[in-house]
Amino acid sequence: MKKTWVVCLLAMVCCALWGSAFPCIKVGYRLFQIDSADTAAQILFAGCRFTIAGLMVILFGSLLQGQLLKPAERGDFSRIGKICLLQTVIQYFFFYVGLAHTTGVKGSIVEASNWTKWVWLSKDVPGSLKPMCPLRPT
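The sequence shown begins at 1 in our numbering and counts up one residue at a time.
Simulated from the structure, these hints should not be mistaken for laboratory data.
Note that the Cβ used here is the ideal one computed from N, Cα and C, for glycine as well.
Any given hint could be a false lead.
Stated by the list, open to error - Listed next, with one range per pair, are the computed distances between beta-carbon atoms:
no.: 1; residue 1: 68; residue 2: 38; range: 31 to 41 Å
no.: 2; residue 1: 5; residue 2: 97; range: 38 to 48 Å
no.: 3; residue 1: 3; residue 2: 101; range: 10 to 20 Å
no.: 4; residue 1: 91; residue 2: 3; range: 12 to 22 Å
no.: 5; residue 1: 102; residue 2: 40; range: 17 to 27 Å
no.: 6; residue 1: 3; residue 2: 33; range: 38 to 48 Å
no.: 7; residue 1: 69; residue 2: 20; range: 20 to 30 Å
no.: 8; residue 1: 76; residue 2: 105; range: 33 to 43 Å
no.: 9; residue 1: 73; residue 2: 16; range: 15 to 25 Å
no.: 10; residue 1: 103; residue 2: 74; range: 40 to 50 Å
no.: 11; residue 1: 30; residue 2: 54; range: 16 to 26 Å
no.: 12; residue 1: 105; residue 2: 12; range: 13 to 23 Å
no.: 13; residue 1: 39; residue 2: 84; range: 31 to 41 Å
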């Protein structure tokens, strides 16, 4: 990752993949005939997507490392479980259910504007931006 053009190219691929998630989810809802009122099917669909993505990460990571990727210690499983529960399950529950009730374009716009929330909230965290931005607004 020392070549700037490689980093830029990979960043653009990641942006394109993330941007394609909204329409792909909507297409998946239509393909599997998931109704906007069927929350259980939406969560099952999300779980299948994340399970497949997780298995792909383990597979490709293992291929790149030349050995099976696994947690280093037994205690890592509980930390991984907590992160999974908080970040993935709770956040994406609302994401998938909300996306079922709007268009993919509207969902993309709302998600793209999400960063402004963190800009406004970060000014209230004492000392959080002082080292990075001496000219921060008060």
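(Q) Under the constraints set out in the numbered hints, which ones does this structure not fulfil? (A) When the structure is compared with the hints, numbers 3, 4, 9 and 13 turn out to be violated.
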